[in-house]
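Q: Could you slot chain B with the ligand onto chain A? The hints should help.
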Amino acid sequence: MDCKAASELLPLYFDGELDRATGREFEAHLDECADCRAALIELDALRHTLRKDAPRFSAPDALRARIEKEAAAAASHQAPRTQRPWLAMAASWVLAFVAGGATLAAWNHGTSPADGQSQLTRDLFASHWRALAATSPIDVVSTDQHTVKPWFAGKIATAPVVEDFATEGYALIGGRIDYAGSERIPVLVYRHGKHVIDVFVLPTTMGTGAPESIQMQGYVLEAATLGGQPAAIVSDMDQAELARFRNLLSTSK
Amino acid sequence: MMSTSSRAFVDDLALSHLDAAYNLGRWLLGSEQDAADAVHDAYVRAARSSETYAGGNARAWWLAIVRNCCLARLALRNKEKRNVAIDDNPVAAEHWMPRAEADEIEERLDSSRRRQMITVHLRNLPEHFREVLILREIEELSYREIADVLQTPIGTVMSRLARGRALLQKALTDNGTMEIPHGL
Ligand SMILES: [Zn+2]
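Residue numbers (the numbering used here), protein chains in the order written: chain A, 1 to 253; chain B, 1 to 184.
Calculated from the structure, these hints are not laboratory results.
Just so it is clear, CB atoms sit at the ideal spot from N, CA and C, and this is done for glycine as well.
Honestly, I wouldn't trust all of these hints.
What the hints assert, rightly or not - Pairwise CB distance ranges (calculated):
hint, chain 1, residue 1, chain 2, residue 2, range
1, A, Ala62, B, Pro153, 31 to 41 Å
2, A, Ala243, B, Gln151, 27 to 37 Å
3, A, Ala74, B, Gly155, 35 to 45 Å
4, A, Lys253, B, Ala162, 52 to 62 Å
5, A, Ser76, B, Ser16, 16 to 26 Å
6, B, Glu80, A, Ser252, 47 to 57 Å
7, A, Asp2, B, Ala72, 44 to 54 Å
8, B, Arg144, A, Gly193, 25 to 35 Å
9, A, Ala157, B, Pro153, 38 to 48 Å
10, A, Thr158, B, Gly56, 29 to 39 Å
11, A, Arg51, B, Ala166, 34 to 44 Å
12, A, Ala73, B, Gly56, 24 to 34 Å
13, B, Glu80, A, Ala171, 46 to 56 Å
To be verified - Below, a list of computed lysine-lysine pairs in the DSSO-like style, where the Cα atoms sit at most 27 Å apart:
hint, chain 1, residue 1, chain 2, residue 2
14, A, Lys4, B, Lys170
15, A, Lys149, A, Lys194
16, B, Lys170, A, Lys52
17, A, Lys149, A, Lys253
18, A, Lys52, A, Lys155
As the list claims (entries may be wrong) - Quick look at which bits of chain A chain B covers, simulated, 3 or more residues with Cβ under 8 Å:
hint, stretch
19, 40-53
20, 62-73
If we strip away everything but chain A, and leave its shape as in the complex, we get:
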């Protein structure tokens, strides 16, 4: 290991983030290199200074009491809530959700008239992200549209229109069944380059609830139609690609 490589690894070694094998290689270099030893000692001195002279502030008793009180109050009159396992999302997404101040306001107000729409939007994004985080975003792998369409039959009331747009650059890769609210709905999964595209086929009653277009963390949800049925597209494609795809969908019969 040369000194350049070693100095790049030095903070990782110091912070205990190097794997053991690399750690040993680094130590071998350390034995021979006074510069790296000095740099390591400097890091240690800084840590020592910080821990000694910039002590940790402890939470004031008043704050602790305030939170303990609210926790106790919540525990005493909390009705058991129904868990919706399908809403279980990747923790990272929850972070994004909690973090997004403006979007939070639009999504989180239970009393607003747009509540149904917000919940639907939330469900669809959640479904998309959960699918991306899973080993595979699909339940049935497409060899072509003729394997996907029959797969839905019998699992849901109405099988959706299924069309492959591979020649247009949007290949059908499969399908799955997901939930919007308590409805089981079909999801068609396409791929365009590195983008995974989910097409949620919505019940007619729900279609009016789908917003025109909503952006969230670099993902877009857009209302569409598929063979006359309302649908929603969720993907991270750019606007032009999305518009092209939406037009293709609307032409399918």
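A: Below, chain B with the ligand alone, put in the same frame as chain A:
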């Protein structure tokens, strides 16, 4: 992980990492009152979204919410430009101490003065570097945990940490608060 109630889970989480939350708030906001309020905001938000928490590092999840609440307060403060009471106020005059006096000061620094100096220098660091130093050196979070808190890639954590350490080290040696360590 969320066997009985997700709300109880958040309560336990917030209470067992309350010092970490408050410490982060103090270093980000500077004020005792603001830090306490931000942590309380964070608790309310975490409780409200408890049902959607689905695994991952719980402490990082909680601290990320705390951090977001602090940043929201900072943004508001900047917007309002009102006078905000900052306790243990950075002593600007001392920070800009002429270098010629540094040696003498080094000898006379008692521990409370040293504390004040470190506080001033940490305060003077840009927020991005300050928070990463607090999370790593004082709260002892791993790179992965810090990345989760800041919602940034690990590479960003590493570069901010390196830069923050270098800046702080320079500031401290420049005015003699930190002794230059002697080799092994
Ligand atoms: Zn070296």
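Q: Among the hints numbered above, which are violated by the structure, and what are their numbers in rising order?
A: 11 and 18
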